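Undergrad: Start from the sequences and build out the full structure, keeping to the hints where you can.
Here the protein sequences line up with chains C, Z, G, S, Y, U and P, keeping their order.
Numbering of the first sequence is given in my numbering, commencing with residue 2 and proceeding in unit increments.
Numbering of the second sequence is given in my numbering, commencing with residue 2 and proceeding in unit increments.
Numbering of the third sequence is given in my numbering, commencing with residue 2 and proceeding in unit increments.
Numbering of the fourth sequence is given in my numbering, commencing with residue 2 and proceeding in unit increments.
Numbering of the fifth sequence is given in my numbering, commencing with residue 2 and proceeding in unit increments.
Numbering of the sixth sequence is given in my numbering, commencing with residue 2 and proceeding in unit increments.
Numbering of the seventh sequence is given in my numbering, commencing with residue 2 and proceeding in unit increments.
No wet-lab data here; the hints were simulated from the structure.
Take these hints with a grain of salt, some might be off.
[Said to hold, decoys possible] A short, non-exhaustive set of chain U residues, derived as facing chain P with CB atoms under 8 Å:
| # | residue |
| --- | --- |
| 1 | A117 |
| 2 | T124 |
| 3 | K159 |
Remember, predicted model here, so these are calculated numbers, not experimental data.
Ideal placement from N, C-alpha and C gives every residue a C-beta, glycine not left out.
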Amino acid sequence: MRRNRYDNDCTVFSPQGRIFQVEYAMEAVKQGTTATVGLTSKEYTVLVSLQGPAAADTSALPQRKILSVHPKLGLAFAGLVPDAQILHSHLCTQCLTYNLSYIGEMPVARLMTGLAIKMQAHTNRNELRPFGVGLLVAGHDSQGAHLYQAMPSAAVIKCRATAIGARSQLALRYLERHWNAFEHCSKEELICHGIQAIRGSLAQEQNLEIKLAIVGAAEEFRICDAAETQKYIEMSKRLDQEVSSVEALTEEETEEQTTSET
Amino acid sequence: MRRNRYDNDCTVFSPQGRIFQVEYAMEAVKQGTTATVGLTSKEYTVLVSLQGPAAADTSALPQRKILSVHPKLGLAFAGLVPDAQILHSHLCTQCLTYNLSYIGEMPVARLMTGLAIKMQAHTNRNELRPFGVGLLVAGHDSQGAHLYQAMPSAAVIKCRATAIGARSQLALRYLERHWNAFEHCSKEELICHGIQAIRGSLAQEQNLEIKLAIVGAAEEFRICDAAETQKYIEMSKRLDQEVSSVEALTEEETEEQTTSET
Amino acid sequence: MRRNRYDNDCTVFSPQGRIFQVEYAMEAVKQGTTATVGLTSKEYTVLVSLQGPAAADTSALPQRKILSVHPKLGLAFAGLVPDAQILHSHLCTQCLTYNLSYIGEMPVARLMTGLAIKMQAHTNRNELRPFGVGLLVAGHDSQGAHLYQAMPSAAVIKCRATAIGARSQLALRYLERHWNAFEHCSKEELICHGIQAIRGSLAQEQNLEIKLAIVGAAEEFRICDAAETQKYIEMSKRLDQEVSSVEALTEEETEEQTTSET
Amino acid sequence: MRRNRYDNDCTVFSPQGRIFQVEYAMEAVKQGTTATVGLTSKEYTVLVSLQGPAAADTSALPQRKILSVHPKLGLAFAGLVPDAQILHSHLCTQCLTYNLSYIGEMPVARLMTGLAIKMQAHTNRNELRPFGVGLLVAGHDSQGAHLYQAMPSAAVIKCRATAIGARSQLALRYLERHWNAFEHCSKEELICHGIQAIRGSLAQEQNLEIKLAIVGAAEEFRICDAAETQKYIEMSKRLDQEVSSVEALTEEETEEQTTSET
Amino acid sequence: MRRNRYDNDCTVFSPQGRIFQVEYAMEAVKQGTTATVGLTSKEYTVLVSLQGPAAADTSALPQRKILSVHPKLGLAFAGLVPDAQILHSHLCTQCLTYNLSYIGEMPVARLMTGLAIKMQAHTNRNELRPFGVGLLVAGHDSQGAHLYQAMPSAAVIKCRATAIGARSQLALRYLERHWNAFEHCSKEELICHGIQAIRGSLAQEQNLEIKLAIVGAAEEFRICDAAETQKYIEMSKRLDQEVSSVEALTEEETEEQTTSET
Amino acid sequence: MRRNRYDNDCTVFSPQGRIFQVEYAMEAVKQGTTATVGLTSKEYTVLVSLQGPAAADTSALPQRKILSVHPKLGLAFAGLVPDAQILHSHLCTQCLTYNLSYIGEMPVARLMTGLAIKMQAHTNRNELRPFGVGLLVAGHDSQGAHLYQAMPSAAVIKCRATAIGARSQLALRYLERHWNAFEHCSKEELICHGIQAIRGSLAQEQNLEIKLAIVGAAEEFRICDAAETQKYIEMSKRLDQEVSSVEALTEEETEEQTTSET
Amino acid sequence: MRRNRYDNDCTVFSPQGRIFQVEYAMEAVKQGTTATVGLTSKEYTVLVSLQGPAAADTSALPQRKILSVHPKLGLAFAGLVPDAQILHSHLCTQCLTYNLSYIGEMPVARLMTGLAIKMQAHTNRNELRPFGVGLLVAGHDSQGAHLYQAMPSAAVIKCRATAIGARSQLALRYLERHWNAFEHCSKEELICHGIQAIRGSLAQEQNLEIKLAIVGAAEEFRICDAAETQKYIEMSKRLDQEVSSVEALTEEETEEQTTSET
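TA: Shown next, in the form of C-alpha cells:
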C-alpha cells in the first residue's frame, strides 16, 4: 500500500471517497494471532475463540478474549485489547442503565445502535481515532438469538455466522460452505460447527486453546469450562467424520438454496 | 483528478470556489456495489434497492439498505453504512421527540430541514468530516407523498424520481425517459417502474436481490417480503413487454410535455 | 490566480490585507448556472431567478432558488444550496422568535444586521469557513420596500437593484442602464424590468424557466405560479418593443441624473 | 515585502518583536477607494467621508460609510465592511446595555476602552484574526467633544484630527498644517476644514460624493443631507480663497506654537 | 527503528494497524535502571523491586518504587516517575470515593477497569499522550489475591507472575520456569521466588537494594523494612541451593502441565 | 539572530531551555521610540517618560504613556499600546473589585501577583501569545512606596529604580551610578534624578516632551501638568551642575556601599 | 544535541521513549547563574541560595530566590522566574484553602502530591508546556522536617539534601560526601554544611550574596537577615578548618554506612 496524503486523519476523504485511517484501523483487528468465530441458530448463539497460552513476555494469565456483559449477552473480540475493554465497559454501563430505568433486559438491536453511534463518532472527529478492535456480540432477547459483528469502521451488522481476526479466512470459508445448516442446528451441532470452523486456523499452532461461550433462550451467557469444552471438541471430531461424508451432499443442496433464499 | 493544496479540509475553498472534501465524500456514495432508486406518484412513494448476497468476507446477513424510521417514513441509502446508521438514528430520534411534543407525525419537509442542518454542519467545521452517504427518504404526510434525496454536500432536495449509488446512471436514464408518467401511476405501476429502472444495473450480477419498500396515503411504510417482491418482479416483466411497445409513443409525448411543464 | 501561502485559512490576511478564503468563497456564488436578479421600487420588491430544469443527474424536481421566510419577506440565492438552506433556516427562526417576543413583523434592517453578524463570524474563526452563497433578500416593513444583498464576505448591503450568480454581468448592465427608472415603477413595470434584465443570461439556454417573486405594501411575499409568470413574460416582451424605442431617450436622461442624484 | 515564517498567525512575534498579521490587517484599511477624515473642536466633532457611487458590480445603493450609534455618538470607517458592521453592532449593544443599567449616555472614554479590549482579543488568539477595519468615532458627553481612532492593532487613541483609509496622506498633511486652528473653530469652520482636508483625495475622481456628520454639545449626531452638505461645500470653497490668503500667516504661528504646546 | 510518517500522534494508525506513539511509550517503561517483579499465590501477592541508591545527581532519598494505595492494595512501577504518581494518586482517590459511598474495600477488578478506561483515554485523544509508565498492582479482596499489570497501551491484564522494566527478561525467564509452583506457595516461598527472579538483573550492580511488599488474606499491604527484607534474602539464598537441586525435576513436570493446564 | 525550529510557539522550549517567542516579545518592548524611567525613595515613587509629539501619520493627540489606575497607583509602559491598554484595564478592574469587597486600597504586592499570573498564562498556552509590553507600576500602600517592573516574560519584579523601552541603556547607566542615593531622596531630588536619567535618550530628539508622574505617602498618583513639569526640568538643570561637581565623590562612596549593602 | 522530529511537543514520545520537551525544560532550570541548596536534618530544613546583585540591565532589587509559603513552609527555586511565581502562588492558595477547611497546617506530603499533579498536567497536554523551573520545598509538619525537590518533568521527590540550578555539581559533590552527617546535625551545623556546599559555585563570582532560610520544629520558616547570615558564614569558615581535618575520617565511615543504610 503506497503512502499518500489522505491517510493521516480520520476526517479526510481520499479523492476516491475512502477514509484511510478507518481502513488502517481494520488492520489492527488482524494484528492478533488468533481468529474468533460466531454462529447463531434460531435458539442459540455460540462464540468460539482461540486463546493463546500465557504471553511469554508477561507471564500473564491467558488473556480472556470472551467477556460477559449481562446474563443474556457477551462478546468476543479481536484487535487492541484496551479498546475492547473500553467498549466492553461501555456496553456493561448501557445495560445497567437500561435495567435501572426499565424492567427487563435491553433489546440487543437497541444496544447495538448505541454501540454504532459511539464507534462512528470515533471515525468522525479529528481529535479521536477509530477503535482498533472488532467485536462479535452474542445475545438473546425476546426477538430470539442475535449475533452482531462490530468493526472499526463502526459498521455494526447482524450476522448468521462470521469470523474476525488474524487468519479468519479459513474459518469464513467453512462457515460459508455450511451457511444454510446453522439455522436449524441443535445447540451441540452449532458448537461443533464453531469448533470445526476455527480449526482451520488451529493447525499450525497446537498450543492454542479453544474457548467456547453460549447463550440461548433457556441458557444464560456462559463461558464453558475446560471439561465441557473438551467434551465438545471430541464430539466435533466424531461429527467431523460423519459430516465429511455428508458434506458433498449438503454442498450441492446449498448451491441450490442460495439462489432461492438469499 | 490531480492532487492539490485545497483538498484536505472541508473548511477550505479552492480558488475556484469548490470544497474538495465535500466532492470526495460524494465519491463515497458511489463506492458501494448497488444502486438505489426512489419514485413518487401523487399517492405513493416507492424505494427500490439492490441488496447484495451475504458479504463473502463476513458471512453477514444481507445488509439492509432500506430502513424504517416511523410508520409513514423510511429511507434507503448508498455509501458508508455507519454514517447511514447515524443519520437513521438521528431521524428516528427527531420523529420520536416530535411525537412526544405534538400529536401526529412530523411533517416530512420539517424533518428534512433538520437533516440538512445537521449534515451541513459536517461540511463546515474543520474537526468533522462530511457524511459519506447518500439517502433517499420516502414519506407521506398531510401534504401527500414525498421523496427526498440527501447527499454528503448537505443538499437535501425534493425529487419526483431519482437514483443514487454505484452504476445509478442507467437507472437515472430510465427515470428521465419516463419522468412524466410517474405522477399519475397506480401503486403497482410505480413499483414496476422502479424495478425496471434498477434492472439496468442488475444485468451483470444476477445474484443481486431486489428489495422494495412502499409508503402511501393508505399504507404505512413497509418493506415488502420476498413473496410480494417476486410478485411485482414478475408483474414488471409482463409490463415490460407491453411498455416497450408503448414506449416509443410515450417518449414522443414526453418531449412535448417537457417544454411546457418543467 | 497563482497559488500562495495566505489562502488556506479565513483567519490569515495576505500582506496586501486581503483574505483569500473569503474571495474564493465569492467564487462559489458564481459556480451555479443561473443568475438571480432583485429590484425594488418605492412600494414593491421583485426577485427574478432562472430555474434550471430537473437536474439531469438526479431527476430532482427543479430546485427552488426562491424561498419564503415570513409573510412579508423572502429570498433568492446563488451558490451552494446547503449553505443557502442553513441561512434560510436561520432567518426563519429569527423571525419566529421575534414574533413570539413582540407583536408585528421584524424590521428588515434588524434582521439583516443579525444575518451579517452570523455570516461575519464564519469569516473570522479558523475552525469554520465562509458561507459559499449569495442571498438577495426582499422584504417589506413599516419603512417600505427593501432589497438586501448578502455575500460570503458577510457584506450585507441595501440595494435598489442588483444581480448575483453566474453570468450576472449582462443583467447588471441592464440594471445600471435603467437604474433611475425603478424607484417610481408600478408593480408590473418592475417585474418586466426584472424579466428583461435576466433575459441577458437566458439567450443561449432556452430551457431555463423564469421564476418570479414579489412583495409589497399590499401584498405578501409570493412566488408567482406558472400562469402568472407567463403573463408577465409576455407583457415584458410587449414592453420591450416600446421600451427599446423609448430607451435611447431614457438613457440620456439617466446620465444627467446620475451626477446630480447619486 | 518578502515572505517570512512569522506572518501566518497573529500569535507569533517575529524576532524583531513585530506581529505581521496585525500589520497586514492594517493594509486592509487602506484597501478601500476613499479616505475618511475626523476633526474635533472644543464643542463639535465632525466626520467627513467620501462615498463612492453605487458600486458598478452590485447596483447597490451607495454604501454608507458613516453610521450612527446613539444620539450623541457615531462612527465612520475604512476597510472591510462586514468587520465594520460587527464593531458598529457591538458599540450599539454596549450603549443600549449601559442605558438600561444607568440613566444617561455612556461616557465615550469608557465605551472606547471596551472596544479596545474586544479588538485586542482578536490580535491575541490563534483561532481569530484582527479586525480588518479602521474606525473614527465621534461622540460628545459631559467631558466635551471626542474623536477616537481605532485601528486593527487594537490601538484606540484620542485624536484632535485624523484621517484613515486609502489616499489619506494628503488629508493628513492638510490636518497637520492646520492642527492648532481646530480647537477654537466654530462648527462651520470645522466642517469647512474637514471638507478642505478630504478634497486632497478627491481631485482625480470627481464622481465621489462628500458625506458629513456632526455631533456637538447642543446637537445630536446627525448625518447631513445632500442640501446641507452642498451648502457647506460651497462655504468651504469660499473660505478656501480667504484661507489661502491667510494660510501663510497661520503656518508661521503654528510652528511657534508647536514647540510650546504639544 | 526507521522514522515514519505515522508516529507523531497517538490518534494515527499506521497502514499496518499499529499506533507507534503507544509503542514508543512502552519504551519509556524500559528506560529505568531496575526491574520490578510481581507474583501471586492463592493467598498472597508479592511485589519485589530493585531500588537504586540515592540518585547521584540529586542526593535524593532512594526513590520509592513501591507505593501503598489502601490497606489491601499497593503498586510497584517502572517508567516515568511523575506519570506513576498521577496514576497512584488516581487510584487512591478512587478507593477513597468508593469507601465513602459503600462500606468495605473496592473490588480490585472494578478498580482496574477504571484504571484501564483512564489510561485508554490517553491513547485516544490527540491533545494527550499515553502514560509512560507500567504498573504492577497487588491487591486482595473477597475474590482472593490479585496481581494486575497495566501498561502504557492501557492493557490492564491479570497475571499470576510477571516482571516489567529494564532488564526484566531474566526475571521473566525465571518466572516462566517456575510458573506452576506459585499457586500453592506459602508466603515465604513466594517471597523467595520473587527475590530469586529479580536477582537475574541484580548481578552486575551490587549496590541495588531489594524492596519487598506483600499483601494477603490475613495481612494488610505492607512494604517490608530492611531487617525483614534481609531475612528473606538470606532465606532465599538457602532455598536457592535446595531449589537448584530440585529444579531439574520441576522443569520436567512444568512442561507436562503446561499443555494440560494453560 | 538565526531562524530556528523552536521559535514559532510560546509552548516550545529550545534544546537550551529557552522560549524564543517570549524573547521576541521582549523585542516589542524596545520597538517604541522612547524610554520610560521609574525611581523610588522611601516615601515617593516617580515615573518619567518621554512622550512623542502627535504622531505624524494620525494627527492623534500625543499618546499617553502614563496611566492612572487608582488614587495611589499608576503605570507607565513601553511596547504595544493595545496590550498596555488591556493590562491597564485589568489592573483597574482588580482594584475596583478589591475595593468593593474590602475597605481600603489593594496592597500593591498582591495586585502584582495577580498581574504576574495573568501575564504568565500568556506564555504558557499555544493559542495565546505573550503580551508585547513592559510596564512600570508605581504605587503606595501601608508598606510604603513600591516600584514594580513587569515584562512580557511575566517576570514581575520589585525595583528601586529601572528603565525600559527603546534606548533605555543610557538611563539605566545613570540609575546604576546613583543607585544608593535614591532611598533617602526628597521628592524633588527624586524627580530631578528621573529627569536626569531620561535625558540620556533625549539628546538627539529635542521635540520629545517629558512627562512626570508621582505618588507618595501624602500624595495621590498624579501626572504633573506642563507647568509643574517645566519647573522640575529647570530645577534638575540647576542640580545637574551641582551634582556633577559632587558626583565624583558619590561614586566612590557607592562602590564601597555596594559590597556591604546589596 | 541533534535536532529531531520528536522534540516539538510534550505529547510526543521519541522512539526511545523520551519526551524531549520535558528534557529541554530541564535545561531552563540550569539557565540561571546561581545554584540553590537544600538540606534536612531530623529537626531542621535549611535552604541556601546564591542571590545575584541587582541585575545590571534592570536596576531591580536583588530578585528573591527564596519565598515563604506559610509559617512552616517555604521554597527556593532555579529557572524561569515567572513560572516559579505561578507555582509559589499555587502553593499559597492550596495552604490557605486547607487552613480554611481544616484546622492546622497542611501535611507537606499532601501538598507535594497536589503540586506533582499540577506540574504533570503541563507535561501531558499539547496546548501547554512544562514549567521551566525547579523548586526546593522546605517544610515542617507533624511528620517532622521535609525537603522536596520538584523538577519540570513533574518528578517531586523527597530528599535529604540536594542542589539544583546552574553549576550545582560542586554543591552536589559536597553533599554526597557528607550525606550521612546531616541526619543528626544541629541547626547550626546544618546551616554551615549548606554554606560549605554552595561555596563551590561561589568561587569565581565574589559579589554573589548567600541567602539562608530555615524551618524547624520550634521555628517558623524564616529567611535570615544579613547580620544572621554573616554570623553563620563566619561560623562555617571556622568549622571548615575543623571539618577538613575530620573529613578524611568521616569519608571512610560513610562508605561503610552506605552499604548498610541506603
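Undergrad: Hint compliance check: list the failing hint numbers for this structure, sorted ascending.
TA: none
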